[in-house]
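Q: Order-wise, the sequence lines are chains G and D. So in full-length UniProt numbering the end of the first sequence lands on 215, straight run, no missing numbers. So in full-length UniProt numbering the end of the second sequence lands on 215, straight run, no missing numbers.
These aren't lab readings, by the way, just hints derived from the structure by calculation. Hints may contain errors.
You can't tell identical chains apart in this list, so a pair holds if it fits in one copy or across any two.
[Stated by the list, open to error] Derived pair list, reagent style DMTMM-like, types lysine to aspartate or glutamate, alpha-carbon separation capped at 25 Å:
no. : residue 1 : residue 2
1   : LYS210    : GLU171
2   : LYS95     : ASP162
3   : LYS107    : GLU84
4   : LYS215    : GLU171
5   : LYS80     : ASP187
6   : LYS169    : GLU29
7   : LYS107    : ASP154
8   : LYS80     : GLU139
9   : LYS58     : GLU192
10  : LYS58     : GLU84
11  : LYS215    : GLU84
12  : LYS210    : GLU192
13  : LYS60     : GLU84
14  : LYS85     : GLU139
15  : LYS95     : ASP119
Number of protein chains: 2
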Amino acid sequence: MDKCEAVLKLLLEAVQSGVTAENQPNSNEIPVGVSNRHIHLSQADLNAIFGEGYQLTKMKDLSQPGQYACKETVTICGPKGAIEKVRVLGPVRSKTQVEVLTGDCFKLGAPAQARLSGDLSGTPGITVIGPRGSVQTTEGLIVAQRHIHMTPADAQRFGVQDGQTVCIKVEGPKGGMYSNVAVRANDTSALECHLDTEEANAMGLGSSAKITIIK
Amino acid sequence: MDKCEAVLKLLLEAVQSGVTAENQPNSNEIPVGVSNRHIHLSQADLNAIFGEGYQLTKMKDLSQPGQYACKETVTICGPKGAIEKVRVLGPVRSKTQVEVLTGDCFKLGAPAQARLSGDLSGTPGITVIGPRGSVQTTEGLIVAQRHIHMTPADAQRFGVQDGQTVCIKVEGPKGGMYSNVAVRANDTSALECHLDTEEANAMGLGSSAKITIIK
Numbered sequence: 001m002d003k004c005e006a007v008l009k010l011l012l013e014a015v016q017s018g019v020t021a022e023n024q025p026n027s028n029e030i031p032v033g034v035s036n037r038h039i040h041l042s043q044a045d046l047n048a049i050f051g052e053g054y055q056l057t058k059m060k061d062l063s064q065p066g067q068y069a070c071k072e073t074v075t076i077c078g079p080k081g082a083i084e085k086v087r088v089l090g091p092v093r094s095k096t097q098v099e100v101l102t103g104d105c106f107k108l109g110a111p112a113q114a115r116l117s118g119d120l121s122g123t124p125g126i127t128v129i130g131p132r133g134s135v136q137t138t139e140g141l142i143v144a145q146r147h148i149h150m151t152p153a154d155a156q157r158f159g160v161q162d163g164q165t166v167c168i169k170v171e172g173p174k175g176g177m178y179s180n181v182a183v184r185a186n187d188t189s190a191l192e193c194h195l196d197t198e199e200a201n202a203m204g205l206g207s208s209a210k211i212t213i214i215k
Numbered sequence: 001m002d003k004c005e006a007v008l009k010l011l012l013e014a015v016q017s018g019v020t021a022e023n024q025p026n027s028n029e030i031p032v033g034v035s036n037r038h039i040h041l042s043q044a045d046l047n048a049i050f051g052e053g054y055q056l057t058k059m060k061d062l063s064q065p066g067q068y069a070c071k072e073t074v075t076i077c078g079p080k081g082a083i084e085k086v087r088v089l090g091p092v093r094s095k096t097q098v099e100v101l102t103g104d105c106f107k108l109g110a111p112a113q114a115r116l117s118g119d120l121s122g123t124p125g126i127t128v129i130g131p132r133g134s135v136q137t138t139e140g141l142i143v144a145q146r147h148i149h150m151t152p153a154d155a156q157r158f159g160v161q162d163g164q165t166v167c168i169k170v171e172g173p174k175g176g177m178y179s180n181v182a183v184r185a186n187d188t189s190a191l192e193c194h195l196d197t198e199e200a201n202a203m204g205l206g207s208s209a210k211i212t213i214i215k
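The whole structure should be built from the sequences, with the hints applied where relevant.
A: As structure tokens, then:
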């Protein structure tokens, strides 16, 4: 290697390390993902309300790998009222799960139960209406418990474990702190703190917001 | 006074002091009042949208002395959308003021500005529509900054002052802490912490909820 090559190599290394440092996220900050009301459907329920063998139409990938928003929407209906245009998320799941806002529960006339995704035992049922039919589920209406998706490596970096609950701190004029935020750490996750629209609005959080963990 | 009378008097005092202690509120707890979107109208704007010389019809007294919800509702409209059935609160005020939720601002297409009641300079204007006409205000659309109404005696008890901001702590599974809660202490107030529907739902607060001040 001549002198010129050596200088070029050093320059390249210096530039690359600069770029890396710039792209490195502040190790304490976690991006926020804001969820509005949505529904995950089982294939059986999808068949019942959109027609036998129906396939969902992907509209947009979501931040969590493999998850996507679909073109399809449904109407959900409880004892006191209905909510139209509830977005379907894909892919289909083993059980239908409807994630609504606390305020939606008053409108539907169903109790608001803060649960983690998949933990549906004892939650209220709901009627789901599509273009080809409707289903009455026996359970599955939840308000998503706020949670942070992360990889096991993220969990190690933050000093937390899958299943643990933490507090999160929100800066800004409408800031504060939320307790009981569940850590969901696994290899198929991308780092993101999921709050619902009411939780984000209450703290003035937009789509580029960040939070920090307080243990 | 014979012995019997003296014993009765002591018994009565003991019972009365017990009753008093039971009825005494926990000196740290403050009841929560949840505000949905609403509007305060000036007499000029009331005339313009309900007709000349119109008088509001009281429906229900509110917790703050002299304030009441009216039978009347209006439609409010921004550049992106309208919201119907916005409750009018009485009595009329010197300036029209529309208090909405952060989520409403997205629907209306107007920036959400957290302000204390009456601090309207630089806030967005809004169109207000009633049965006899409409007005376009030049300012007055706000998201109410969370605040605690109290008497000067309450303020002394809590060790806070009118105009100060404090943090409040919320217990429960969806609990946490809100920063920047303004203290509004004067002789015409009743002790109550005012949060909007999104702020209450985000922390799982119902109508009988209580919070405590953290300084």
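Q: Each hint should be assessed against the structure and marked as holding or not.
A: Hints, one by one, checked against the model:
1. LYS210 <-> GLU171: both (8 Å within a copy, 24 Å between copies)
2. LYS95 <-> ASP162: within (23 Å within a copy, 53 Å between copies)
3. LYS107 <-> GLU84: both (12 Å within a copy, 16 Å between copies)
4. LYS215 <-> GLU171: both (16 Å within a copy, 17 Å between copies)
5. LYS80 <-> ASP187: Answer is neither: 41 Å inside a copy and 41 Å across each miss the 25 Å cutoff.
6. LYS169 <-> GLU29: So LYS169 and GLU29 pass the 25 Å test inside a copy (10 Å) and across (23 Å) alike.
7. LYS107 <-> ASP154: Classified as neither; 38 Å inside a copy, 36 Å across copies.
8. LYS80 <-> GLU139: Within one copy only: 17 Å inside, 37 Å across.
9. LYS58 <-> GLU192: Classified as within: same-chain Cα gap 21 Å, cross-chain 48 Å, threshold 25 Å.
10. LYS58 <-> GLU84: within (20 Å within a copy, 33 Å between copies)
11. LYS215 <-> GLU84: Classified as neither: same-chain Cα gap 39 Å, cross-chain 43 Å, threshold 25 Å.
12. LYS210 <-> GLU192: Result: close within a single copy only, 9 Å intra versus 31 Å inter.
13. LYS60 <-> GLU84: Answer is within: at 20 Å inside a copy they meet the 25 Å cutoff, but 32 Å across does not.
14. LYS85 <-> GLU139: The answer is within: 20 Å in one copy meets 25 Å, while 33 Å across copies does not.
15. LYS95 <-> ASP119: within (10 Å within a copy, 50 Å between copies)
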